[in-house]
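> Sequence:
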Amino acid sequence: MTLELNKLTETVQAMGRELAANTRERANLVDLAREWLVTYADQGDRLQQPARSIHAAIPTAEPMNAVFPQPALPSTFTIIGADGSQIQPDRHAAALYYLINVGSIVYRHGSGQAPETHSEPSLGYKEDDLYEQGRLVAGNLLDVRRDLAEVTTLADRCEEQQDGPIVALVDGTLLLWILEDRTAEWQRKKVDTYTEQLRRIQQVGPKATVASFTSRPRRTEVTRLLYLASADGDAERARQSTNPLERVPDRWVFATLPPGARSALFVSPAPINHEHYAPEGQTIHFFYLNVAREGEKPAIARIECPEWVAAERDLLDFVHGAVVDQARITGEYPYALARADELAFVSGRERRAFAEMVNTALLSAGVIGEPSPKAYQKTLTRRGRRRIR
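Per the working numbering, the very first residue in the sequence shown carries number 1; after that it's consecutive.
One or more of the hints may lead you astray.
[To be verified] Computed Cβ-Cβ distance ranges for the label pairs, DEER-style:
hint, residue 1, residue 2, range
1, Glu132, Pro206, 36 to 44 angstroms
2, Arg26, Asp234, 22 to 30 angstroms
3, His55, Glu4, 40 to 48 angstroms
4, Gln49, Arg91, 29 to 37 angstroms
5, Gly16, Asp232, 37 to 45 angstroms
6, Trp186, Ser53, 22 to 30 angstroms
Note that these hints are calculated values from the structure, not bench results. Fair warning: this is a prediction, and the values are worked out from it, not measured in the lab. Glycine included, every Cβ here is placed at the ideal spot set by N, Cα and C.
Turn these sequences into a full structure, and let the hints guide you.
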């Protein structure tokens, strides 16, 4: 064992004491946030503009403390989930490449049919695949490609459906995370590609919807809005003073939602939402949702949807009810997303098998691919073949 746990004993015990103290302090702050949620519930109109300027949640016409119970669902409907995983390009490997694997499932609720599953790998190895604007497609750049692959798969699966209401689900967020140091033109092209997939889903039919699900969200956009409200909507005053709720996640405030109920709708304050999504008619809204069953501890998730879903109460109710129904199949996380993740996951054994496949292909083509000295030594030491002394 190389990790000497005895050297961490005192630090871990101190961490436990610190977290216990934080829990007590947190309870007081959450009480304050809930008090403000009630006090300023009907002041959304005057808070919309200043909220955007300080990156706080932007209120809608719904009172900020509104609670909407779980709506009824149609007897039959379709849930489509997509999720992706990737193998990052490794400069120490025998060849430079990346792999994106997207899993998807079509679950026809109430039909009695077995779910339809797909797993679609995509390999990038050409120079044009591997580099964008002179930078290797790795890390966040590869994450963007995976996100695009996931939403494109959702659109493909939706277009294959013949009829019936549809909820297309993706894990995380509908806001395509973009590197801020990229050019504005590069950002625009990526977001345009993403919003085109949302539009494809919209055009499938009047009962097709799309949403994202975030488990245990850490966002503080609503609590920032509540602090702004306590500052009389004065954005400059809010910026210059200390916000006691700055580290209080929204989900703690909404833990009082009854099982199956959702919060009010809000608009994401993310600049990309207003600069790129809004002009395309795809402004992202969100709400919080308690997916727990009666008698169970609250399980608060964040649900995002585009404005064309948020604007139609029937569509919004459908997303709301379908997500709760799905989450209760597997326990607080949508079944379709859990299965899509399972289909997308690339295990360590599969990664090694694929690396061997690459090596074999290189040899067949007359290329001798060798790992870097660093990678070779790691292989020996981590498999117990050698110890460096």
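> Evaluate each hint against the coordinates.
These are the hints, each one checked on the structure:
{"no.": "1", "hint": "Glu132 <-> Pro206: 36 to 44 angstroms", "result": "37 angstroms, holds"}
{"no.": "2", "hint": "Arg26 <-> Asp234: 22 to 30 angstroms", "result": "26 angstroms, holds"}
{"no.": "3", "hint": "His55 <-> Glu4: 40 to 48 angstroms", "result": "43 angstroms, holds"}
{"no.": "4", "hint": "Gln49 <-> Arg91: 29 to 37 angstroms", "result": "48 angstroms, violated"}
{"no.": "5", "hint": "Gly16 <-> Asp232: 37 to 45 angstroms", "result": "40 angstroms, holds"}
{"no.": "6", "hint": "Trp186 <-> Ser53: 22 to 30 angstroms", "result": "26 angstroms, holds"}
In this structure, only the earlier hint numbered 4 is contradicted, and the remaining ones agree with it.
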